[in-house]
Amino acid sequence: MRNDAPYRLARMAHYVIARTPPDQLGATKLNKVLWWVDCAAYRHWGASISGLDTYIRLPNGPVPDGIREALDLLKRSGCVVEQSRPTPAGSRREFIALKEPPVAEFSAEEIDLIGQVITAVCCMTAAEASNASHDALWEEIPHLGLMPVAAGSVVTREVRPDDLAWAKSEIARLAV
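According to the numbering used here, the sequence shown is numbered sequentially starting from 1.
If you're looking for bench data, these hints aren't it; they were derived computationally from the structure.
Be aware that one or more of the hints could be misleading.
List time: in silico EDC-like cross-link candidates among lysine to aspartate or glutamate, alpha-carbon distance up to 20 Å [to be verified]: (1) Lys75 - Asp65; (2) Lys99 - Glu69; (3) Lys75 - Asp4; (4) Lys75 - Asp23; (5) Lys75 - Glu100; (6) Lys99 - Glu158.
From a predicted model like this one, the values you see are computed outputs, not experimental measurements.
Produce the complete structure using the sequences and hints provided.
Structure (C-alpha coordinates):
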(Lines of atoms letter the chains of each structure in order from A and count residues from 1; the text may use other names and numbers.)
(Lines give C-alpha, C1' and ligand atoms only; values in the text may rest on other atoms or scores of the structure.)
Protein backbone atom coordinates (compact mmCIF):
# COMPACT_ATOMS: atom_id res chain seq x y z
CA MET A 1 0.00 0.00 0.00
CA ARG A 2 1.26 3.45 -0.86
CA ASN A 3 1.67 5.91 2.02
CA ASP A 4 -1.15 8.09 0.69
CA ALA A 5 -3.58 5.15 0.26
CA PRO A 6 -6.03 6.10 3.05
CA TYR A 7 -6.46 9.61 1.62
CA ARG A 8 -6.38 8.40 -1.96
CA LEU A 9 -9.12 5.85 -1.17
CA ALA A 10 -11.23 8.60 0.44
CA ARG A 11 -10.74 10.87 -2.58
CA MET A 12 -11.61 8.04 -4.97
CA ALA A 13 -14.73 7.13 -2.97
CA HIS A 14 -15.71 10.83 -2.89
CA TYR A 15 -15.34 11.06 -6.66
CA VAL A 16 -17.46 7.93 -7.23
CA ILE A 17 -20.15 9.17 -4.81
CA ALA A 18 -20.23 12.62 -6.43
CA ARG A 19 -20.59 11.14 -9.93
CA THR A 20 -23.31 8.59 -9.13
CA PRO A 21 -26.97 9.23 -8.27
CA PRO A 22 -27.51 8.20 -4.61
CA ASP A 23 -30.35 5.83 -5.51
CA GLN A 24 -27.94 3.92 -7.77
CA LEU A 25 -25.04 3.58 -5.34
CA GLY A 26 -25.33 1.92 -1.97
CA ALA A 27 -22.39 0.68 0.07
CA THR A 28 -22.23 -2.69 -1.73
CA LYS A 29 -22.07 -1.14 -5.19
CA LEU A 30 -19.56 1.50 -4.03
CA ASN A 31 -17.24 -1.29 -2.89
CA LYS A 32 -17.61 -3.08 -6.23
CA VAL A 33 -16.89 0.09 -8.22
CA LEU A 34 -13.72 0.67 -6.19
CA TRP A 35 -12.60 -2.97 -6.62
CA TRP A 36 -13.22 -3.13 -10.36
CA VAL A 37 -11.62 0.28 -10.96
CA ASP A 38 -8.51 -0.72 -9.00
CA CYS A 39 -8.27 -4.09 -10.80
CA ALA A 40 -8.68 -2.46 -14.22
CA ALA A 41 -6.15 0.24 -13.33
CA TYR A 42 -3.67 -2.41 -12.24
CA ARG A 43 -4.23 -4.28 -15.50
CA HIS A 44 -3.61 -1.10 -17.54
CA TRP A 45 -0.98 0.74 -15.51
CA GLY A 46 0.48 -1.70 -12.97
CA ALA A 47 -0.94 0.08 -9.91
CA SER A 48 -4.33 0.67 -8.32
CA ILE A 49 -5.84 4.14 -8.32
CA SER A 50 -6.68 3.96 -4.61
CA GLY A 51 -3.14 2.99 -3.67
CA LEU A 52 -4.40 -0.25 -2.13
CA ASP A 53 -2.67 -3.54 -2.87
CA THR A 54 -5.36 -5.73 -1.29
CA TYR A 55 -9.07 -5.78 -0.51
CA ILE A 56 -10.82 -7.85 2.16
CA ARG A 57 -13.00 -10.80 1.17
CA LEU A 58 -16.46 -10.42 2.67
CA PRO A 59 -19.72 -12.26 1.88
CA ASN A 60 -20.91 -9.57 -0.56
CA GLY A 61 -17.56 -9.41 -2.36
CA PRO A 62 -14.28 -7.51 -2.09
CA VAL A 63 -14.21 -4.48 0.24
CA PRO A 64 -11.38 -1.93 0.41
CA ASP A 65 -9.32 -2.19 3.57
CA GLY A 66 -9.98 1.14 5.26
CA ILE A 67 -13.27 2.01 3.55
CA ARG A 68 -15.01 2.72 6.88
CA GLU A 69 -12.26 5.13 7.86
CA ALA A 70 -12.33 6.74 4.40
CA LEU A 71 -16.09 7.26 4.54
CA ASP A 72 -15.87 8.55 8.13
CA LEU A 73 -13.23 11.06 7.00
CA LEU A 74 -15.49 12.21 4.15
CA LYS A 75 -18.48 12.56 6.50
CA ARG A 76 -16.49 14.41 9.20
CA SER A 77 -15.08 16.82 6.62
CA GLY A 78 -18.56 17.59 5.27
CA CYS A 79 -17.86 16.10 1.84
CA VAL A 80 -20.58 13.44 1.98
CA VAL A 81 -23.54 12.38 4.09
CA GLU A 82 -24.87 8.89 4.54
CA GLN A 83 -28.51 7.97 4.78
CA SER A 84 -30.42 4.73 5.05
CA ARG A 85 -33.13 3.98 2.50
CA PRO A 86 -35.57 1.06 2.56
CA THR A 87 -35.57 -1.19 -0.50
CA PRO A 88 -37.45 -4.41 -1.28
CA ALA A 89 -34.23 -6.30 -0.46
CA GLY A 90 -33.62 -4.45 2.84
CA SER A 91 -32.03 -1.21 3.92
CA ARG A 92 -29.51 0.47 1.59
CA ARG A 93 -26.76 2.79 2.81
CA GLU A 94 -26.74 5.67 0.32
CA PHE A 95 -24.14 8.41 0.07
CA ILE A 96 -24.69 11.97 -1.11
CA ALA A 97 -21.84 14.29 -2.06
CA LEU A 98 -22.12 17.73 -0.47
CA LYS A 99 -18.93 19.07 -2.02
CA GLU A 100 -17.27 18.55 -5.37
CA PRO A 101 -14.37 16.09 -5.22
CA PRO A 102 -10.86 17.28 -6.05
CA VAL A 103 -10.67 16.03 -9.64
CA ALA A 104 -7.09 17.29 -10.03
CA GLU A 105 -6.13 14.27 -7.91
CA PHE A 106 -6.77 11.99 -10.88
CA SER A 107 -5.49 11.81 -14.43
CA ALA A 108 -7.90 12.07 -17.35
CA GLU A 109 -7.39 8.34 -17.99
CA GLU A 110 -8.23 7.49 -14.38
CA ILE A 111 -11.38 9.63 -14.48
CA ASP A 112 -12.43 7.94 -17.72
CA LEU A 113 -11.87 4.48 -16.22
CA ILE A 114 -13.83 5.35 -13.07
CA GLY A 115 -16.68 6.66 -15.23
CA GLN A 116 -16.78 3.49 -17.30
CA VAL A 117 -16.99 1.30 -14.21
CA ILE A 118 -19.67 3.52 -12.62
CA THR A 119 -21.75 3.20 -15.79
CA ALA A 120 -21.39 -0.58 -15.80
CA VAL A 121 -22.21 -1.01 -12.12
CA CYS A 122 -25.16 1.39 -12.10
CA CYS A 123 -26.95 -0.96 -14.51
CA MET A 124 -26.82 -3.70 -11.86
CA THR A 125 -28.68 -4.27 -8.64
CA ALA A 126 -26.54 -4.60 -5.52
CA ALA A 127 -27.16 -8.37 -5.57
CA GLU A 128 -26.08 -8.60 -9.21
CA ALA A 129 -22.92 -6.58 -8.52
CA SER A 130 -22.17 -8.73 -5.48
CA ASN A 131 -22.67 -11.95 -7.45
CA ALA A 132 -20.51 -10.65 -10.31
CA SER A 133 -17.66 -10.08 -7.84
CA HIS A 134 -17.82 -13.69 -6.69
CA ASP A 135 -15.25 -14.91 -9.19
CA ALA A 136 -12.59 -17.63 -8.92
CA LEU A 137 -10.33 -15.39 -6.80
CA TRP A 138 -13.14 -14.59 -4.35
CA GLU A 139 -13.98 -18.30 -4.15
CA GLU A 140 -10.36 -19.19 -3.30
CA ILE A 141 -9.86 -16.62 -0.54
CA PRO A 142 -11.20 -17.44 2.94
CA HIS A 143 -13.65 -15.11 4.71
CA LEU A 144 -11.80 -11.95 5.84
CA GLY A 145 -8.78 -12.98 3.74
CA LEU A 146 -6.85 -10.51 1.63
CA MET A 147 -7.63 -10.34 -2.08
CA PRO A 148 -4.64 -8.98 -4.03
CA VAL A 149 -5.57 -6.34 -6.60
CA ALA A 150 -2.87 -7.79 -8.86
CA ALA A 151 -4.62 -11.18 -8.82
CA GLY A 152 -7.99 -9.51 -9.39
CA SER A 153 -6.62 -7.79 -12.46
CA VAL A 154 -6.08 -11.07 -14.30
CA VAL A 155 -8.66 -11.68 -17.00
CA THR A 156 -9.30 -15.34 -17.57
CA ARG A 157 -10.56 -16.83 -20.79
CA GLU A 158 -10.96 -20.21 -22.39
CA VAL A 159 -7.83 -21.73 -23.91
CA ARG A 160 -8.21 -21.65 -27.69
CA PRO A 161 -6.95 -24.53 -29.84
CA ASP A 162 -4.34 -22.28 -31.50
CA ASP A 163 -3.04 -21.25 -28.05
CA LEU A 164 -2.72 -24.90 -27.08
CA ALA A 165 -0.96 -25.75 -30.36
CA TRP A 166 1.50 -22.89 -29.79
CA ALA A 167 2.23 -24.06 -26.23
CA LYS A 168 2.84 -27.63 -27.38
CA SER A 169 5.19 -26.46 -30.13
CA GLU A 170 7.13 -24.32 -27.65
CA ILE A 171 7.43 -27.24 -25.23
CA ALA A 172 8.68 -29.46 -28.04
CA ARG A 173 11.13 -26.80 -29.22
CA LEU A 174 12.52 -26.21 -25.71
CA ALA A 175 12.76 -29.94 -24.94
CA VAL A 176 15.39 -30.44 -27.66
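For a quick check of understanding: which of the numbered hints are violated here, in increasing order?
6
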